[in-house]
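*Asks:* Sequence:
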Amino acid sequence: MFESAAGLREEFAELEQQLADPAVHADLAASRRIGRRYAELTPIVKNLTTHEQLTADLAAARELAEEDPAFAEEADGIAAELAEVEERLTRLLAPRDPNDSADCLIEIKSGEGGEESALFAGDLFRMYSRYAETRGWKVEVLDSQETDLGGYKSVTLAVKATGSPDPENAPYGVLKFEGGVHRVQRVPVTESQGRIHTSAAGVLVMPEVEATEVEVNDDDLRIDVYRSSGPGGQGVNTTDSAVRITHLPTGIVVSCQNERSQLQNKESAMRMLRARLVARAEEEAASAASEARRSQVRTVDRSER
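Going by my numbering, 155 is the number at position 155 of the sequence shown; the sequence numbering is gapless.
It is worth saying that the hints were derived from the structure and are not from the lab. Because the structure is a prediction, the values reported are computed rather than measured. Glycine included, each C-beta is placed from N, C-alpha and C at the ideal position. Take these hints with a grain of salt, some might be off.
Claimed, not checked - 27 Å max Cα-Cα, derived DSSO-like pairs, lysine-lysine:
| hint | residue 1 | residue 2 |
| --- | --- | --- |
| 1 | 138 | 109 |
| 2 | 176 | 109 |
| 3 | 266 | 109 |
| 4 | 138 | 160 |
| 5 | 176 | 138 |
Claimed, not checked - Taking CB as the label site, the calculated pair distances span:
| hint | residue 1 | residue 2 | range |
| --- | --- | --- | --- |
| 6 | 194 | 130 | 26 to 34 Å |
| 7 | 134 | 216 | 49 to 57 Å |
| 8 | 248 | 204 | 31 to 39 Å |
| 9 | 81 | 30 | 48 to 56 Å |
| 10 | 160 | 217 | 48 to 56 Å |
| 11 | 292 | 46 | 35 to 43 Å |
| 12 | 138 | 112 | 31 to 39 Å |
| 13 | 81 | 194 | 40 to 48 Å |
| 14 | 193 | 95 | 51 to 59 Å |
| 15 | 294 | 226 | 40 to 48 Å |
| 16 | 26 | 68 | 30 to 38 Å |
| 17 | 282 | 217 | 17 to 25 Å |
| 18 | 33 | 187 | 24 to 32 Å |
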């Protein structure tokens with residue numbers, strides 16, 4: 001049933017040999033790439049082995065059941081377990097988003113609703129942070145613009161899995177569908193008359209990529225430095241530590257002011273820029289594929305007339 005997956009076993013064995021080679025670990029980028037692929041194949045190979053064992057056990061149990069009906073119940077139990085493994089393998093072997101096993105960046109921006117929208121953005125930030133903690137993920141705030149009441153005009157956080165990557169439970173694969181506009185209807189703490197308000201906040205979930213995976217030409221960047229500011233616009237630093245980076249070919253702008261070091265803020269801003277560039281490329285590819293499908297449908301419609 002899963003004979004086509006035999007090639008994956010060979011690839012898994014090759015990756016295992018490569019990971020045992022000290023020379024591979026000298027190249028950090030290659031080591032991470034091989035490690036991610038190894039982690040993706042591990043549950044597949046494990047379930048393939050289980051599937052083969054259960055298939056053999058089921059055949060033996062059914063053969064015994066023909067002579068002794070007492071083995072029929074055992075055969076039914078093995079068959080049920082085998083069905084679960086087959087369902088799991090079907091899901092694991094289905095085409096996947098190559099970024100599903102990646103860590104991610106989450107950008108939350110307040111929308112319509114003024115201060116209440118900023119408070120809602122803060123609620124979303126805390127919700128995602130707590131959820132990440134319950135899964136054992138590490139959360140790092142890369143940039144934030146806090147308001148006087150503790151809300152956020154915008155906040156960007158990095159969510160990183162700890163330990164070896166698990167493609168079934170990696171941050172981007174789990175959280176990517178959280179992207180979009182989130183709305184809430186409630187009585188804001190800023191409302192004195194008890195009226196219900198509708199507020200919105202935008203959430204963008206992007207896969208985090210290594211610096212070696214996205215080529216960014218220094219000539220394509222405009223880097224501005226300025227003094228960081230806190231709630232209400234007051235300055236919180238006496239040096240130009242905040243960094244704003246503009247990617248000239250695309251017009252993408254990212255900024256970071258959370259750290260006191262200009263170098264650290266630049267590194268965080270570059271992480272955000274790389275994620276934005278990947279997200280933009282994926283969006284353009286999806287748009288092109290969608291247009292190609294519409295074009296094919298229009299061609300079929302014309303031919304049927």
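*Asks:* Now look at each hint and say whether the structure bears it out.
*Replies:* Each hint tested on the structure:
1. 138 - 109: 21 Å, holds
2. 176 - 109: 16 Å, holds
3. 266 - 109: Holds, at about 21 Å.
4. 138 - 160: Answer holds: residue 138 to residue 160 is near 5 Å, not above 27 Å.
5. 176 - 138: Distance of about 17 Å is within 27 Å: holds.
6. 194 - 130: 26 to 34 Å: 29 Å, holds
7. 134 - 216: 49 to 57 Å: The hint (49 to 57 Å, Cβ to Cβ) is violated, given that residue 134 and residue 216 are roughly 34 Å apart.
8. 248 - 204: 31 to 39 Å: 21 Å, violated
9. 81 - 30: 48 to 56 Å: Since residue 81 and residue 30 have Cβ atoms about 38 Å apart, the given range 48 to 56 Å is violated.
10. 160 - 217: 48 to 56 Å: With Cβ atoms ~27 Å apart, the hint is violated.
11. 292 - 46: 35 to 43 Å: Roughly 38 Å apart at Cβ, these two residues keep to the hinted range, so it holds.
12. 138 - 112: 31 to 39 Å: 32 Å, holds
13. 81 - 194: 40 to 48 Å: 57 Å, violated
14. 193 - 95: 51 to 59 Å: Since the Cβ atoms of residue 193 and residue 95 sit about 53 Å apart, the hinted range of 51 to 59 Å holds.
15. 294 - 226: 40 to 48 Å: Hint holds: Cβ distance 44 Å, inside 40 to 48 Å.
16. 26 - 68: 30 to 38 Å: 60 Å, violated
17. 282 - 217: 17 to 25 Å: 20 Å, holds
18. 33 - 187: 24 to 32 Å: At 51 Å between Cβs, range violated.
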